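Asker: Since chain A is already given, all that's left is putting chains B and C on it; use the hints.
Chains as they are written, first to last, in this note's numbering: chain A, 1 to 506; chain B, 1 to 305; chain C, 1 to 382.
Hints listed in this document are in silico derivations from the structure and should not be mistaken for laboratory results. Honestly, I wouldn't trust all of these hints.
Stated by the list, open to error - Examples of chain A residues lying across from chain C (beta carbon under 7 Å, computed):
no.	residue
1	Glu301
2	Arg323
3	Arg340
4	Val343
Being a predicted model, the structure only gives us computed values, none of them experimental. For each residue, glycine too, the CB sits at the ideal point set by N, CA and C.
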Amino acid sequence: MLRLELVDISKSYPAVKANDRVSLRVAPGQIHAVLGENGAGKSTLMKIIYGAVRPDAGEIRWNGERVEIGSPAEARALGISMVYQHFSLFDTLTAAENVWLGLDKSLALAEVVARIREVAGVYGLEVDPLRPVHTLSVGERQRVEIVRALMTAPKLLILDEPTSVLTPQAVQTLFVTLRKLAEEGCSILYISHKLDEIRALCHHCTVLRGGKVTGEVDPTQETNASLSRLMIGAEPPQLQHRASAPGDLVLGVRDLSLPKADPFGTALEGISFDVRAGEIVGIAGVSGNGQQELVAAISGEDRRAPRGSIQLFGRDVARASPRSRRRAGLHFVPEERLGRGAVPTLSLAQNTLLTRTHAVAAGGWLRTREIESLAASLIERFHVKAGGPGSAAKSLSGGNLQKFIVGREIDAEPKLLVVSQPTWGVDVGAAAQIRGELLALRDRGSAVLVVSEELDELFEICDRLLVMAGGRVSPSVPTAEATVERVGEWMSGLWSARAQAGHAEA
Amino acid sequence: MEQIALLVAATLNSGTVLAFAALGLLINERSGIVNLGAEGTMLVAAIAGFATAVHTGNDWLAFGAGAMAGAALAAAFGVLVIWLNTNQYATGLALSLFGAGFSAFVGIGYTQEKLGEQHAFRIPGLADLPFVGPAFFRQHPMVYLAIALTIAIAWFLYRSRAGLVLRAVGESPESAHALGYPVRRIRLAAVVVGGALCGVAGAYISVVYTHLWVEGMTAGKGWIALALTTFATWRPARVLLGAYLFGGVTMLQLQLQGQGVQVSTQFLTMLPYLATIVVLVLISRNATFIRVNMPASMGKPFFPQ
Amino acid sequence: MLRLEARPEPSRAMSMASPLIALAITVVIGTVLFLLLGKDPLRGLAVFFVEPLRGAYALTELAVKATPLLLVALGLAVCFRSNVWNIGAEGQFILGAIAASGVAMQATATTGGWFFVPVLLAGVVGGMAWAAIVALLRDRFNANEILVSLMLVYVAEQLLNYLVYGPWKDPQGYNFPQTITFLKATQVPRLFSGFRVNVGAVVALVAVAAFWVLLFRTYAGFQLQVGGLAPAAARYAGFSSRKALWTALLVSGGTAGLAGGLEVAGPLGQLTPHVPAGYGFAAIIVAFVGRLHPVGIVFSAILMSMFYIGGELAQSRLGLPKSLTGVFQGLLLFTLLGCDTLIAYRLRWGRRATTTAAPPALDDALLSPVVASSALPAREET
Numbered sequence: 001m002l003r004l005e006l007v008d009i010s011k012s013y014p015a016v017k018a019n020d021r022v023s024l025r026v027a028p029g030q031i032h033a034v035l036g037e038n039g040a041g042k043s044t045l046m047k048i049i050y051g052a053v054r055p056d057a058g059e060i061r062w063n064g065e066r067v068e069i070g071s072p073a074e075a076r077a078l079g080i081s082m083v084y085q086h087f088s089l090f091d092t093l094t095a096a097e098n099v100w101l102g103l104d105k106s107l108a109l110a111e112v113v114a115r116i117r118e119v120a121g122v123y124g125l126e127v128d129p130l131r132p133v134h135t136l137s138v139g140e141r142q143r144v145e146i147v148r149a150l151m152t153a154p155k156l157l158i159l160d161e162p163t164s165v166l167t168p169q170a171v172q173t174l175f176v177t178l179r180k181l182a183e184e185g186c187s188i189l190y191i192s193h194k195l196d197e198i199r200a201l202c203h204h205c206t207v208l209r210g211g212k213v214t215g216e217v218d219p220t221q222e223t224n225a226s227l228s229r230l231m232i233g234a235e236p237p238q239l240q241h242r243a244s245a246p247g248d249l250v251l252g253v254r255d256l257s258l259p260k261a262d263p264f265g266t267a268l269e270g271i272s273f274d275v276r277a278g279e280i281v282g283i284a285g286v287s288g289n290g291q292q293e294l295v296a297a298i299s300g301e302d303r304r305a306p307r308g309s310i311q312l313f314g315r316d317v318a319r320a321s322p323r324s325r326r327r328a329g330l331h332f333v334p335e336e337r338l339g340r341g342a343v344p345t346l347s348l349a350q351n352t353l354l355t356r357t358h359a360v361a362a363g364g365w366l367r368t369r370e371i372e373s374l375a376a377s378l379i380e381r382f383h384v385k386a387g388g389p390g391s392a393a394k395s396l397s398g399g400n401l402q403k404f405i406v407g408r409e410i411d412a413e414p415k416l417l418v419v420s421q422p423t424w425g426v427d428v429g430a431a432a433q434i435r436g437e438l439l440a441l442r443d444r445g446s447a448v449l450v451v452s453e454e455l456d457e458l459f460e461i462c463d464r465l466l467v468m469a470g471g472r473v474s475p476s477v478p479t480a481e482a483t484v485e486r487v488g489e490w491m492s493g494l495w496s497a498r499a500q501a502g503h504a505e506a
Numbered sequence: 001m002e003q004i005a006l007l008v009a010a011t012l013n014s015g016t017v018l019a020f021a022a023l024g025l026l027i028n029e030r031s032g033i034v035n036l037g038a039e040g041t042m043l044v045a046a047i048a049g050f051a052t053a054v055h056t057g058n059d060w061l062a063f064g065a066g067a068m069a070g071a072a073l074a075a076a077f078g079v080l081v082i083w084l085n086t087n088q089y090a091t092g093l094a095l096s097l098f099g100a101g102f103s104a105f106v107g108i109g110y111t112q113e114k115l116g117e118q119h120a121f122r123i124p125g126l127a128d129l130p131f132v133g134p135a136f137f138r139q140h141p142m143v144y145l146a147i148a149l150t151i152a153i154a155w156f157l158y159r160s161r162a163g164l165v166l167r168a169v170g171e172s173p174e175s176a177h178a179l180g181y182p183v184r185r186i187r188l189a190a191v192v193v194g195g196a197l198c199g200v201a202g203a204y205i206s207v208v209y210t211h212l213w214v215e216g217m218t219a220g221k222g223w224i225a226l227a228l229t230t231f232a233t234w235r236p237a238r239v240l241l242g243a244y245l246f247g248g249v250t251m252l253q254l255q256l257q258g259q260g261v262q263v264s265t266q267f268l269t270m271l272p273y274l275a276t277i278v279v280l281v282l283i284s285r286n287a288t289f290i291r292v293n294m295p296a297s298m299g300k301p302f303f304p305q
Numbered sequence: 001m002l003r004l005e006a007r008p009e010p011s012r013a014m015s016m017a018s019p020l021i022a023l024a025i026t027v028v029i030g031t032v033l034f035l036l037l038g039k040d041p042l043r044g045l046a047v048f049f050v051e052p053l054r055g056a057y058a059l060t061e062l063a064v065k066a067t068p069l070l071l072v073a074l075g076l077a078v079c080f081r082s083n084v085w086n087i088g089a090e091g092q093f094i095l096g097a098i099a100a101s102g103v104a105m106q107a108t109a110t111t112g113g114w115f116f117v118p119v120l121l122a123g124v125v126g127g128m129a130w131a132a133i134v135a136l137l138r139d140r141f142n143a144n145e146i147l148v149s150l151m152l153v154y155v156a157e158q159l160l161n162y163l164v165y166g167p168w169k170d171p172q173g174y175n176f177p178q179t180i181t182f183l184k185a186t187q188v189p190r191l192f193s194g195f196r197v198n199v200g201a202v203v204a205l206v207a208v209a210a211f212w213v214l215l216f217r218t219y220a221g222f223q224l225q226v227g228g229l230a231p232a233a234a235r236y237a238g239f240s241s242r243k244a245l246w247t248a249l250l251v252s253g254g255t256a257g258l259a260g261g262l263e264v265a266g267p268l269g270q271l272t273p274h275v276p277a278g279y280g281f282a283a284i285i286v287a288f289v290g291r292l293h294p295v296g297i298v299f300s301a302i303l304m305s306m307f308y309i310g311g312e313l314a315q316s317r318l319g320l321p322k323s324l325t326g327v328f329q330g331l332l333l334f335t336l337l338g339c340d341t342l343i344a345y346r347l348r349w350g351r352r353a354t355t356t357a358a359p360p361a362l363d364d365a366l367l368s369p370v371v372a373s374s375a376l377p378a379r380e381e382t
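This is chain A alone, in the form it adopts within the complex (with noise of 0.2 Å):
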């Protein structure tokens, strides 16, 4: 008997159909993928059996019964718990407090205390139940997330995108507390679109393709390409990554240290790097580990930094404006598009002007026309599916957004591109389209530094890779020598100080 049944679930939205008579089988004690890229209608899909989201038609059946799944407490009480890749936690109270939100239960704090203890041993994950959340990293917050679930005796555990906040040797530990759950007779369903740890870990997996089931395999008896195939319909886009060949220097962090500016983030210590003429730096690390703080400190919206630390093409830019940082070359694509890469209800020619100020002129007047040209050139260029230069920011695809901001800025031709995240909640067309334009822009001669969460993509375009953590940094190395092994223990900041100095920069 099934321990999970979604009979042709559909769901539909003004603008798009995102589950279109999708079927799931999991069975109990199975560990169960549901594959598919930024779009393609899981998150749709569990909020359905997390009783967040009603489905327009379709039968949802639990052990066997037809059950309506109302809200998330009715989820829960079922046994479905869910664990969220953006944590639903409050910071300033601790991760016992967390947890007790999370339980419906009506049990005491204290006691709470001790189970979260308990659970945490059973299953092996470190949790301190007494401490405020922001003082834990995000894996840890992660663990406090799993716990939350876990307390609940859960019979189908929904984990959406769980390690993409994780170093490789926390994934493994991940892993082994999944396995022993399945063992035990829970059910898992792995949200994710990465294909290695899907064909490493997963039992059973459903690949959905633009809100249609487009297969039900084991994934243990596919490759990469088959997944590939069945996930986006087409191999995975190869790029052309051709032998570079670093001129000048064009960036250079000095010894870089900055104390937090909030009470929250990470303080960053003695970062040196540098990036040349053509090529691609990339900066590898989990979430947290003070990459939004250096790359505010290179972009010029954190204006704090020591004098000197900071310096393009040998000028110390560290106090800076953005204004004349962009001046000198130096161009930024941060990682939140809508309310800071773009404003959302200003149209995409007005957007322009946030990094493009040649339509601007003397005195401050506005050439609209001049403005809108270059909006509409960028929506050409790089093939933006927009309705036009007067389209609202917030009216694109994530991927569109992207499209056209990072084109905005690779418009420009800068010295130095800066580009964080580049393809987080894009689809893979467009992902591989804006790697693509990275990589051109480096063989123009262009110096490019990409910070990403996602490996793949970094041991994809870059040239060199580094790895932060804690608010440091590693030494440099070739990627073509970097091994996924050797990242993941430098994310975990273990990297000798013998092995900084011996690797001296390239």
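Answerer: Then chains B and C, alone, in the frame of chain A:
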């Protein structure tokens, strides 16, 4: 000595108004909603309470009327801000402006009225103690209620599960929603309770504090109460303390005026407002401190996904 | 049951219709109020909406009332669009009036007719100075501008009282709290003889054009708007939030001060405790009802003036309390905010779906922590 005791008593009396209003706003803001309509709410409640007292002669009914008026206005505000997601600041302002006009309008017939004889309250025994007696124990029951309320709210926020939920909602409504809590209903409840308390404060002004109705009589107390919650970093005990502090400044200013101090009355009247500015500046200087203590979602719209 | 469903794109049509719908609802409530007060609702509505438009004199009176509202609201529109909440325009108005009066009182019998210019300039400076305090405290100490600007209103009122009861009291004024009546030289020239409307109205209209250009055709205006719509994007672009703060406050303080100066050097001709007529607060409503857009504000200023004049007429002709004006004004803003929801949402009959609000973007992943911009309704540049 006698003078000081009377000053203390007057401070407690005056501070109670701010205490009720600020405690109500505290609950409000803990859920993440800023209600700039406090001033207007207090005015409407003041006239509601006063009118009730005039017609029924019963103080407690008057407080009830004030509370209901406050709750009703807050409910309207809450629906707009929580369900229709209108801008919190603009909507609160609209409420204040409306309340000022509406209370003036309704209060026309009451400007000449005076409430009947007020009994002197005293706690038997304690009221006769030297100094502390006249200072602390001859107050209207509402003064003691304010203190009790502070303790109750502190217990609620920090020791009860419901209070934890409220704090969670104020910090991250998205996460609370993901956990399945009825965020919007919780926020509405907080807003309505807050409005009711502001209403009580308003009724207190007209029924106990002055026994009169005058157009615009709150004279900015609603705004000062808003400043108080920031000043107290959203903690009940500090709110009460701050309320008494401000009450003290107001009383001091009246004293000085009465004693013919050689400063124009207008400058003395300015004191409470200037004090509010000074206090705001002092507490806001440390932006990090504020950020750590402030309910993180305050003022921001929430869209359940 | 009735529920709200998000529109894929904000409705331009609704953006313009919403104030009209709000007005209609206010009128309906007004009618009910009139009935409750035992007055003929038609006469009541006529007094508010028809009488103020009848005849040349009435129209010029409308202009006299609308001018200060328009000026203050223009400045407030810039402020609110920048997400700077200057609620103390009333106080800046008062300081403008005080400063203007101070200069006006320097005139002697021989001063030329141009003297009203420095008088008005003093008004602008006075308002700016008062607003600068707010800017300084927010800039240096992070003090909330809403509360500071508001407290300063009360301080300004006391300052005014002090001056007119004290050092500036007219010795020949029978001990009334008022200054001397300003000499003719200081008075703002009237446009047509026999009517009270003066050059101020022209200044206000010029200001409308200037503000439109500033907001929608200059980079500075763009920067201000981005600062208000998406502060993180403004930081990314390198727009100075400090510059935006000071610009917004000085501009709105200046226009409020100018309005104050115009009042005192124009229709009133002297400084009295009654100079603050609540224009600073009414202008907030004017700004919102006008959609924070210079052209829209012209219309909403006229509408609000009708409320003011209607209120006065209602008092003299129908025996209704003048505070009715305040009720209508507050109601209008309230209903407007409610109606504005229709710009982003549709009303629908039907079963409640669990999701109600913004439709998800095509990417399922929650687009990363979007900085919630000031939730003023979506505005597009005109």
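Asker: If a hint holds in the structure, say so; if it doesn't, say that too.
Answerer: Structure-based check of all given hints:
{"no.": "1", "hint": "Glu301", "result": "5 Å, holds"}
{"no.": "2", "hint": "Arg323", "result": "4 Å, holds"}
{"no.": "3", "hint": "Arg340", "result": "4 Å, holds"}
{"no.": "4", "hint": "Val343", "result": "4 Å, holds"}
Checked against the numbered hints listed earlier, the structure breaks none of them; every hint is satisfied.
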